Amino acid sequence: MAVFMQSLISGILIGGVYALIGIGLTLIFGVMRVINFAHGDILMVGMYLTYIIFTMLGIDPFVSVLITFPLMFLFGGFLQKVFINRVLNALAQNQILLTIGLGLIMSNTVMLIFTSDYKILTTSYSSSTIQVGGGVSVSTPLLISFLITSAITAALYWFLLKTDTGQAIRATAQDRDAAQLMGINVKRMSIIAFGLGAALAGTAGALISPTYYIFPQVGGVFTLKAFVITVLGGMGSVVGATLGGILIGVTESMSAVYVSSGWKDVIVFVLFLLVLLFKPSGLMGKSRT
Amino acid sequence: MRKHLLALGASLALSPCLLAQKIGVINSMSGPEAPIGENITNGIKLAEEDLKKKGINLQLVWEDDTGKPQISMSAMEKLATRDNVVGVVGPYTSACSNAVAKLAEKYKVSLLIPAAAKEEITRQGLKHVFRMNAPADKYASSLIDAALSLGKPKTIAFVYENTDFGTSTSKTAKDYVATKGIQVVSDVSYPKGSADYRSTLAQIKSKNPDLVFMVSYVADAILLMRQSKEVGLQPQAFLGAGAGFTTTEFAKERAISESVISCTQWTDDVSWPGAKDFGTRYKAKFGKEPTYHAACAYASMVIMAETARNAGGDRAKTRDALKAGQWNGVMGEVKFADYEGFTNQNNHQMLVQQIISGNYETILPTKFATKKAVYPFPKWK
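Protein chains in written order, with my numbering: chain Y, 1 to 289; chain B, 1001 to 1381.
Extracted from the complex, chain Y is given alone in its bound form:
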């Protein structure tokens, strides 16, 4: 029972961070219909940013989210304005090539600056735990990052549902042309959406860094994960990405214990295929015809 609870809890906690990565990707796809293959690399940039802030300024990784979030927002907005905007009406494969290229440039630039060495952020609480009882322990940094993730997700929902800009973003996601006809500045919405997506990925990077390790190629792992989460939840659906993230986290953690950790990826992908088979638009997605 202790093992079950332990894996359920760590699955949910890690799933929270996955969700944050997925939400960023789904937001970008929803608004722009561009599949962002550089998403993991943006997350990686966020990790290095956290690392610099931590080692140079001595600011705690969780506090540094306050700096990372706006910086990554600007970075995302810049990418959108300078690069992505130019290919919005291009063929899908050209958009994919562009984002893959941007990702390669990011990871190789970082490799040039920081070398390919693994960086580990060691904080005073990196391996500390809170005992819940019954032999179950919760990792302190993971718990804090889950709380921050929840707060950010809640704030994002509020932003998308209640504010004018949020509604304009949703309108652009629903129908770009109609939104433009209604007087929404869709170019600006695109920049905001990409900025937000990048900021969320960067924040996820910041939140993972105290418990994970940092290296220039770390993005690939998370790009793949973000895709599974996004497609599973339904492309463009923020609720779906949240659900998808938690679902993937728990599935990984459970299958590691009850099947074999070597097989956990297989189980995640089988689950993914099953969802696609029976609900092709994803858990929360609406099929578009």
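Everything labelled a hint here was simulated from the structure, so no lab data went into it. Note that the structure is predicted; figures quoted are calculated from it, not measured. The beta carbon of each residue, even a glycine, is placed where N, CA and C say it ideally should be. A few of these clues could be false.
[What the hints assert, rightly or not] Distance condition first, Cα-Cα at most 27 Å in a straight line; then the derived DSSO-like pairs of lysine-lysine:
#1 B:1053 x B:1127
#2 B:1288 x B:1054
#3 B:1192 x Y:119
#4 B:1285 x Y:119
#5 B:1252 x Y:119
#6 B:1276 x B:1207
#7 Y:119 x B:1127
#8 B:1288 x Y:119
#9 B:1154 x B:1171
#10 B:1045 x Y:119
#11 Y:119 x B:1171
#12 B:1317 x B:1022
#13 B:1371 x B:1152
#14 B:1022 x B:1127
#15 B:1252 x B:1229
#16 B:1022 x B:1045
#17 B:1381 x B:1154
#18 B:1052 x B:1288
#19 B:1207 x B:1379
#20 Y:119 x B:1381
#21 Y:119 x B:1068
[What the hints assert, rightly or not] The following label-pair restraints were derived from C-beta to C-beta distances:
#22 B:1338 x Y:258: 44 to 52 Å
#23 B:1252 x Y:12: 50 to 58 Å
#24 B:1020 x Y:124: 53 to 61 Å
[Stated by the list, open to error] Derived list of chain B stretches under chain Y, where covered just means 3 residues or more per stretch with a C-beta under 8 Å from a C-beta of chain Y:
#25 1024-1036
#26 1194-1202
#27 1353-1363
Given the coordinates of chain Y, assemble chain B onto it according to the supplied hints.
Relative to chain Y, chain B alone:
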């Protein structure tokens, strides 16, 4: 006068000792294995410099396999057919080396593998494939022998990444503990790069093993130990086989790495000729501590280059000379022998080490020991 100069130039170009030896290098210079690949690259660069001082000029052809066997194979094809190299040093990972080995045999090009651990690589009777480092079975047997000489462990749990290196090391370890009467209570493989091993480790903790045997590349080692502390896994000893447990980054994480036992192919405090000097010069040139991969790569390149030079750049003669030769350098005595089903395998002496006060200290074999072992593993703070 001009004619003389021309003649001199021609004779210089043709004389075999001044002719640059064309040697291929396949290495993981980018991709997830790049941090270790960098050590191999640096070791080879240092060897290139030293050889130049000895009057052996090298023309190295560098190929980056990004850690993928298929890219490694095409690199080998290119080196063997287009670049016409005398021999090849590399690749790094077991998966790549195993893939490339058969091609080396096909093209009759000597392949000297510096640091891949999978046993099968030199167990296929391939005449052109040589290996510098001790294979995976040595990791397992030297670590378990160390634990047996320190205490009386009865049970063991295995955690290893599901790559060629991880599975082959733990498979031999499992066979070995069976002969020693230690019971395997847990046997878990994991895909590398996972962020969360807590559930797996909690499951292992519930079995309460005396020994925990882990096989991981670089950063997973730190995560595994951090999360072991989190879930309160408390065996008599943590045995770390291979790359991830023998890096300075790992040793620096003192809260979680102290007293972990690992084994290595090489350290700079061992009494092999030139080992200390290699360590100092490496640090001076590249600004960081060399790992054993660097020393393996250095020794491999020196041996390959000297042999190729003596063989006048002839592929067949180079192979025969590698097979017949014997060397003594930073890696101790090197000889590519046939034993216990291995072909052209250097029977290398592994060193068992433990992290004591944040430093790697050799604890076994006794003649190389620098500190006394700490056993059992101290309680987590």
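Hint by hint, here is what the structure shows:
1. Distance restraint check for residue 1053 (chain B) and residue 1127 (chain B): the Cα-Cα separation of roughly 31 Å exceeds the 27 Å cut-off, and the hinted pair is therefore not satisfied.
2. Between the alpha carbons of residue 1288 (chain B) and residue 1054 (chain B) the distance comes to roughly 25 Å, so the proposed pair stays at or under 27 Å and holds.
3. With a C-alpha separation of about 17 Å, the suggested pairing of residue 1192 (chain B) with residue 119 (chain Y) holds against the 27 Å cut-off.
4. Under the criterion of a C-alpha separation no larger than 27 Å, the hint pairing residue 1285 (chain B) with residue 119 (chain Y) is consistent with the structure, at around 21 Å.
5. A threshold of 27 Å between alpha carbons decides the hint, and for residue 1252 (chain B) with residue 119 (chain Y) the separation of about 11 Å falls inside it, so the pair holds.
6. Of the supplied pair hints, the one linking residue 1276 (chain B) and residue 1207 (chain B) is violated, its CA atoms being roughly 43 Å apart against a limit of 27 Å.
7. Restraint check: the Cα-Cα separation between residue 119 (chain Y) and residue 1127 (chain B) comes to about 41 Å, which exceeds 27 Å; the hinted pair is violated.
8. Annotation: proposed proximity of residue 1288 (chain B) to residue 119 (chain Y) holds, straight-line Cα distance about 14 Å (limit 27 Å).
9. With a C-alpha separation of about 18 Å, the suggested pair residue 1154 (chain B) and residue 1171 (chain B) falls inside the 27 Å cut-off, and the hint holds.
10. For the hint linking residue 1045 (chain B) to residue 119 (chain Y), the alpha-carbon distance of about 24 Å falls within 27 Å, and the restraint holds.
11. Our distance criterion of 27 Å between C-alpha atoms is broken by residue 119 (chain Y) and residue 1171 (chain B), whose separation comes to about 31 Å.
12. At roughly 15 Å between alpha-carbon atoms, residue 1317 (chain B) and residue 1022 (chain B) fall within 27 Å of each other, so this suggested pair holds.
13. Between the alpha carbons of residue 1371 (chain B) and residue 1152 (chain B) the distance comes to roughly 21 Å, so the proposed pair stays at or under 27 Å and holds.
14. With a C-alpha separation of about 21 Å, the suggested pairing of residue 1022 (chain B) with residue 1127 (chain B) holds against the 27 Å cut-off.
15. Restraint check for residue 1252 (chain B) and residue 1229 (chain B): satisfied, since their Cα atoms lie roughly 16 Å apart, inside the 27 Å limit.
16. Between the alpha carbons of residue 1022 (chain B) and residue 1045 (chain B) the distance comes to roughly 14 Å, so the proposed pair stays at or under 27 Å and holds.
17. For the proposed pair residue 1381 (chain B) and residue 1154 (chain B), the alpha carbon gap of about 25 Å is at most 27 Å, so the pair holds.
18. The suggested pairing of residue 1052 (chain B) with residue 1288 (chain B) holds, with an alpha-carbon distance near 23 Å, which does not exceed 27 Å.
19. At most 27 Å may separate the alpha-carbon atoms for a hinted pair to count; residue 1207 (chain B) and residue 1379 (chain B) meet this at roughly 18 Å.
20. Straight-line distance between C-alpha atoms of residue 119 (chain Y) and residue 1381 (chain B) comes to about 24 Å, which keeps the hinted pair within the 27 Å bound.
21. For the hint linking residue 119 (chain Y) to residue 1068 (chain B), the alpha-carbon distance of about 23 Å falls within 27 Å, and the restraint holds.
22. Hint check: residue 1338 (chain B) to residue 258 (chain Y), Cβ distance near 45 Å, so the stated range 44 to 52 Å holds.
23. Our hint of 50 to 58 Å for residue 1252 (chain B) and residue 12 (chain Y) is violated, since their Cβ atoms are close to 31 Å apart.
24. For residue 1020 (chain B) and residue 124 (chain Y), the hinted distance range of 53 to 61 Å is satisfied, since their beta carbons lie about 54 Å from each other.
25. Counting residues of the stretch 1024-1036 of chain B whose CB lies closer than 8 Å to any CB of chain Y gives 5, so the stated coverage by that chain holds, three being the minimum.
26. Remark: the stretch 1194-1202 of chain B is confirmed as covered by chain Y, as 8 of its residues place a Cβ nearer than 8 Å to a Cβ of that chain, reaching the required three.
27. Closer than 8 Å: that is the beta-carbon criterion, and the stretch 1353-1363 of chain B has 0 residues meeting it against chain Y, so the requirement of 3 is violated.
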